[in-house]
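Number of protein chains: 2
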Amino acid sequence: MGKPKNAISPTREENYPEWYQQVVKAADMAENTPVRGCMVIKPWGYGIWENIRDALDVMFKETGHKNAYFPLFIPKSFLQREAEHVDGFAKECAVVTHSRLEADEAGILQPAGKLDEPLIVRPTSETIIGELFARWVQSYRDLPLLINQWANVVRWEMRPRLFLRTAEFLWQEGHTVHATAREAVEETELMLRTYADFSENWLAMPVLRGEKTESERFPGAESTLCIEAMMQDRKALQAGTSHFLGQNFSKACGIKFQGVEGKEEFGWTTSWGVSTRLIGGMIMTHADDDGLIVPPKVSPTHAVILPVTPKEDSREQVLDACHALARELRDKSFAGAPIRVDIDDRDLRGGEKYWQWVKKGIPLTIEIGPRDLEKGSVFVGRRDLGAQREPMSRDDLLANIPELLDQIQQTLFSRALAFRDEHTREIDNKEELYSYFTPENKSKPEIHGGFAWVHWDRDPKWEEALKNDLKVTVRCIPENGGDPGVCIFSGNPSPGRVVLAKSY
Amino acid sequence: MGKPKNAISPTREENYPEWYQQVVKAADMAENTPVRGCMVIKPWGYGIWENIRDALDVMFKETGHKNAYFPLFIPKSFLQREAEHVDGFAKECAVVTHSRLEADEAGILQPAGKLDEPLIVRPTSETIIGELFARWVQSYRDLPLLINQWANVVRWEMRPRLFLRTAEFLWQEGHTVHATAREAVEETELMLRTYADFSENWLAMPVLRGEKTESERFPGAESTLCIEAMMQDRKALQAGTSHFLGQNFSKACGIKFQGVEGKEEFGWTTSWGVSTRLIGGMIMTHADDDGLIVPPKVSPTHAVILPVTPKEDSREQVLDACHALARELRDKSFAGAPIRVDIDDRDLRGGEKYWQWVKKGIPLTIEIGPRDLEKGSVFVGRRDLGAQREPMSRDDLLANIPELLDQIQQTLFSRALAFRDEHTREIDNKEELYSYFTPENKSKPEIHGGFAWVHWDRDPKWEEALKNDLKVTVRCIPENGGDPGVCIFSGNPSPGRVVLAKSY
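If you read the protein sequences in the order shown, they are chains A and B.
Residue numbering for the first sequence follows the working numbering, beginning at 1 and increasing consecutively.
Residue numbering for the second sequence follows the working numbering, beginning at 1 and increasing consecutively.
Check the hints yourself; a few may be wrong.
[Claimed, not checked] No farther apart than 20 Å at their CA atoms in a straight line, the calculated lysine to any residue pairs in the SDA-like style are these:
hint: 1; chain 1: A; residue 1: K353; chain 2: B; residue 2: R141
hint: 2; chain 1: B; residue 1: K61; chain 2: A; residue 2: D331
hint: 3; chain 1: A; residue 1: K91; chain 2: B; residue 2: E117
hint: 4; chain 1: B; residue 1: K471; chain 2: B; residue 2: G449
hint: 5; chain 1: B; residue 1: K91; chain 2: A; residue 2: L115
hint: 6; chain 1: B; residue 1: K61; chain 2: A; residue 2: D344
hint: 7; chain 1: B; residue 1: K61; chain 2: A; residue 2: T301
hint: 8; chain 1: B; residue 1: K359; chain 2: A; residue 2: W136
hint: 9; chain 1: B; residue 1: K25; chain 2: B; residue 2: E13
hint: 10; chain 1: B; residue 1: K114; chain 2: A; residue 2: Q110
hint: 11; chain 1: B; residue 1: K91; chain 2: A; residue 2: L109
hint: 12; chain 1: B; residue 1: K66; chain 2: A; residue 2: P43
hint: 13; chain 1: B; residue 1: K251; chain 2: A; residue 2: K353
hint: 14; chain 1: A; residue 1: K114; chain 2: B; residue 2: D87
hint: 15; chain 1: B; residue 1: K91; chain 2: A; residue 2: P111
hint: 16; chain 1: A; residue 1: K353; chain 2: B; residue 2: Y140
hint: 17; chain 1: B; residue 1: K25; chain 2: A; residue 2: D142
hint: 18; chain 1: A; residue 1: K61; chain 2: B; residue 2: D54
hint: 19; chain 1: B; residue 1: K66; chain 2: B; residue 2: D142
hint: 20; chain 1: B; residue 1: K461; chain 2: B; residue 2: H448
hint: 21; chain 1: A; residue 1: K91; chain 2: B; residue 2: R100
hint: 22; chain 1: A; residue 1: K91; chain 2: B; residue 2: L109
hint: 23; chain 1: B; residue 1: K66; chain 2: A; residue 2: P111
hint: 24; chain 1: A; residue 1: K66; chain 2: B; residue 2: D54
hint: 25; chain 1: B; residue 1: K61; chain 2: A; residue 2: H323
hint: 26; chain 1: A; residue 1: K66; chain 2: B; residue 2: R346
hint: 27; chain 1: B; residue 1: K66; chain 2: A; residue 2: T301
hint: 28; chain 1: A; residue 1: K256; chain 2: B; residue 2: T33
hint: 29; chain 1: B; residue 1: K114; chain 2: A; residue 2: L109
hint: 30; chain 1: B; residue 1: K66; chain 2: A; residue 2: D28
hint: 31; chain 1: A; residue 1: K502; chain 2: A; residue 2: Q232
hint: 32; chain 1: A; residue 1: K61; chain 2: B; residue 2: R141
hint: 33; chain 1: A; residue 1: K25; chain 2: B; residue 2: S77
In short, the hints are calculated from the structure, not lab data.
So here's chain A without its partners, still in its complex pose:
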């Protein structure tokens, strides 16, 4: 069977941003809505989010966190309690000013019932959660307080893109209070490792762990740790952040506790979050010119069985065989859960149906026709190996499906890691750096650059220059930045390499 032309047009090479939109559309994951910047997450996209949420939730609970739910609205005065924080979010927030609609003289409904104080739809919840933590924390015995919230948040985005940057998005935000700065720092590090573990082992997305420079810190944080992944256009995607907030928010919100020796002290707080943006990262790490590829561990369905029923008289028999196989497959387990199998018996041409599943990125397709019944075989397609399909005995499939899914998971990770390695280099002079990040033909900016590990003396003026000249930023000061060296901009000493890239 010859491979048709690519299912996604344009290809990554031809127009990467447009390819991304088309992949999301072809997989039927999400759409834009008439509400500016707000997307609808359709069942296939939401199913992936449910798997992400459930896996992370287990990790959070295993590390002692409990879930709670806090108000959607934040009074304006609360947001203003931390000066840097409000500066960071005031420019992009949804403001509720009225509590009802009322017909005016012309009979047109207008906002009415003006609120005494405007409410902000939470862009993040440090200040409202801080207010409540201040009630809950009285003594060192109440610490650490380890809380997580799954919620929607709103940040008014000027240039929205499905999953990557939307006005409303779904996320989790962890918020903790500790008795000492050291414990709070350890918490931020623990959660960063949790995020990295999840990204690599569930999304098959390799990430660098490191710290943000001052200019990229969360508004109000003392330090921001992050994980950074490389997309297939070689840009970086910040996939999760973990903030050490020092005593900034505990002072702003009055989170005080009586210490072991009776003295009243301010708590040390952290916050950390990942969002539906992870799905954007997953797409741009794995999808190809035939559409989405979902890592098995987070795929809503692991395998779809496609009955091939050319003749009416064998149709029933084929369908029965499909259902029998599905039942047996569902008794197997992968990644701690039963294998998720669907049967797609819609009345559609076989090729069309098969390609719909390819575009959805399902890990395995299993076709069964009348002849397969005789031979005890099935026809298996592995999405990570492209659109080719191979015969396999039914028994082998049943015996090996967990391993098969695991192989797909591993292949996706290895391939992404190899891609990142291929497009990562240590650069030791400024000209090479500038040329690395400059497309050869400016009028047609092809995919270029990657991650550059360079020595930098930490002077913010070079960071500013990079942003202006190349649209390149310091993605992170990595945990493994290596030995001290010489700054490629100033010739001054550098304590270690940092990672530069263009980014989302």
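The hints should help you fit chain B onto chain A, whose structure is shown.
Relative to the frame of chain A, chain B by itself:
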């Protein structure tokens, strides 16, 4: 060991509404916040919600529904598309009018970036979901479209009460489109049965199933089905609703499809929802004057082990035994999931600790001290049997814990059903009805009344009179209203009995 006085003050008898608040507080489930009408759901309350959500989610998926996520905001013009619908919600909605905050001349942050069209924070999502369904539905092949959303919604409540009536609440809203009216009606009935099944079998809360009268219908619905439960003050709580929307919203939103014969038709839609209000219903069905009682199936923890360590030299041994028992208990399962066990080794007086768990309503407490180790016994408290504790052999506990939890679940249901039966009567004349619903001493309105099954000729004027005279409403026209009879108000024919009660 003598029973102390009630842990909750006031008792149900003394002051029912205040008792409710104190139960919620003593169980540490939720609190009011400085954001008017918005509560924070604390870990114990949220854990119950997670169990409710997960159990219902399985039921929705088993009946063919898929989850998706739609925008938080609804443009004002969308809400206005269905006239009754906007009338129903305009009086209590949060209106977003601006997209940022900006400092005025005095340096005070003010709403800025006025929106061209105000956005309403969803009070329910028929109109925005309808807009998207109109895109997705083209042909009869696309039907039925069966979607559910887990989300937060906002309705500006003037008299908020934790869980029962809050400005923001968590819920699920199902939205479906069908090719025929009959299929849509069947869907509303199926989901009503699903809600009743869940309420009775998971929350141990008996419910009546029936239909609302016209005056109590969802704004924009053709008919509204409901489940109604009896609280311990004998008032009714509407615990879930399922609406047949006819073609009202499909016409308002343009949900059209090409029928089998090629003709374009409007779809028939439904919507149905339950919310965190279920937790309020659960509390008022089971809690007693010692605090909350959580039905085992939805309890965040089934059993807590309380180490009794009077002497330092046996402390370690006792703790080891507690951990060993916890491990063995967690290997057992109840209601399809591993048994959830906590060990509470906080440094607190034993009595205080024990009573904290009683007030949280945990199904089982298990105390273990040095002497129990010698005897191979434990000291078990069943919350449904009050605050008494009995010795039990460790082996018996391990062998019987699933059955024990099941017994508690059954006892709670039977008790609630007996309570409802006790306070339900058929009433066949108007005087008796008025006296049934009138407290003996108006200045001190003790708990009174209940469910009255009466014949009514369906003339709305009697409904109106009941509301004005007694604050009593028709809770539902029950599925099992029995034979025709004579209206107790007019003497005219009645097609069957309806259920009257005061309500939340």
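How the hints compare with the structure:
With a CA separation close to 14 Å, the supplied pair K353 (chain A) and R141 (chain B) stays within the 20 Å bound. Restraint check for K61 (chain B) and D331 (chain A): the C-alpha separation of about 18 Å stays at or below 20 Å, so the hint holds. At most 20 Å may separate the alpha-carbon atoms for a hinted pair to count; K91 (chain A) and E117 (chain B) meet this at roughly 19 Å. A distance of roughly 12 Å separates the Cα atoms of K471 (chain B) and G449 (chain B); the hinted pair therefore holds under the 20 Å criterion.
Taking the CA atoms of K91 (chain B) and L115 (chain A), the gap is near 14 Å; set against the 20 Å cutoff, the hint holds. Between K61 (chain B) and D344 (chain A) the CA atoms are separated by roughly 16 Å; this keeps the pair inside 20 Å, and the hint holds. Straight-line distance between C-alpha atoms of K61 (chain B) and T301 (chain A) comes to about 13 Å, which keeps the hinted pair within the 20 Å bound. A hinted pair counts as satisfied when its Cα atoms are at most 20 Å apart, and K359 (chain B) with W136 (chain A) qualifies at roughly 18 Å.
With a C-alpha separation of about 18 Å, the suggested pair K25 (chain B) and E13 (chain B) falls inside the 20 Å cut-off, and the hint holds. Distance check on the hinted pair: K114 (chain B) and Q110 (chain A) sit about 14 Å apart at the alpha-carbon level, within 20 Å; holds. Only pairs whose Cα atoms come within 20 Å are accepted, and K91 (chain B) paired with L109 (chain A) is accepted, the gap being roughly 11 Å. Proximity of K66 (chain B) to P43 (chain A) is assessed by CA-CA distance (about 6 Å); at most 20 Å being required, the pair is judged to hold.
Of the supplied pair hints, the one linking K251 (chain B) and K353 (chain A) is violated, its CA atoms being roughly 32 Å apart against a limit of 20 Å. Proximity of K114 (chain A) to D87 (chain B) is assessed by CA-CA distance (about 19 Å); at most 20 Å being required, the pair is judged to hold. Restraint check for K91 (chain B) and P111 (chain A): satisfied, since their Cα atoms lie roughly 10 Å apart, inside the 20 Å limit. For a cut-off of 20 Å, the pair hint linking K353 (chain A) to Y140 (chain B) stands: about 18 Å separates their Cα positions.
A threshold of 20 Å between alpha carbons decides the hint, and for K25 (chain B) with D142 (chain A) the separation of about 17 Å falls inside it, so the pair holds. Our distance criterion of 20 Å between C-alpha atoms is met by K61 (chain A) and D54 (chain B), whose separation comes to about 16 Å. Between K66 (chain B) and D142 (chain B), the direct Cα distance comes to roughly 14 Å. Compliance with the 20 Å bound is thereby established for this hinted pair. A threshold of 20 Å between alpha carbons decides the hint, and for K461 (chain B) with H448 (chain B) the separation of about 25 Å lies outside it, so the pair is violated.
A distance of roughly 5 Å separates the Cα atoms of K91 (chain A) and R100 (chain B); the hinted pair therefore holds under the 20 Å criterion. Between the alpha carbons of K91 (chain A) and L109 (chain B) the distance comes to roughly 11 Å, so the proposed pair stays at or under 20 Å and holds. For a cut-off of 20 Å, the pair hint linking K66 (chain B) to P111 (chain A) is broken: about 35 Å separates their Cα positions. This hinted pair checks out: K66 (chain A) and D54 (chain B) have alpha carbons roughly 16 Å apart, not beyond 20 Å.
Taken as a hint, the K61 (chain B) and H323 (chain A) pair is honoured in the structure, with Cα atoms around 18 Å apart against an allowance of 20 Å. This hinted pair checks out: K66 (chain A) and R346 (chain B) have alpha carbons roughly 17 Å apart, not beyond 20 Å. Distance restraint check for K66 (chain B) and T301 (chain A): the Cα-Cα separation of roughly 13 Å lies within the 20 Å cut-off, and the hinted pair is therefore satisfied. For the proposed pair K256 (chain A) and T33 (chain B), the alpha carbon gap of about 19 Å is at most 20 Å, so the pair holds.
Simply put, K114 (chain B) and L109 (chain A) have alpha-carbon atoms about 17 Å apart, close enough for the 20 Å limit, and the pair holds. About 13 Å separates the Cα atoms of K66 (chain B) and D28 (chain A), which keeps this hinted pair within 20 Å; it holds. A hinted pair counts as satisfied when its Cα atoms are at most 20 Å apart, and K502 (chain A) with Q232 (chain A) qualifies at roughly 12 Å. Only pairs whose Cα atoms come within 20 Å are accepted, and K61 (chain A) paired with R141 (chain B) is rejected, the gap being roughly 43 Å.
With a C-alpha separation of about 27 Å, the suggested pairing of K25 (chain A) with S77 (chain B) is violated against the 20 Å cut-off.
Violated hints for the displayed structure, listed by number in ascending order: 13, 20, 23, 32 and 33.
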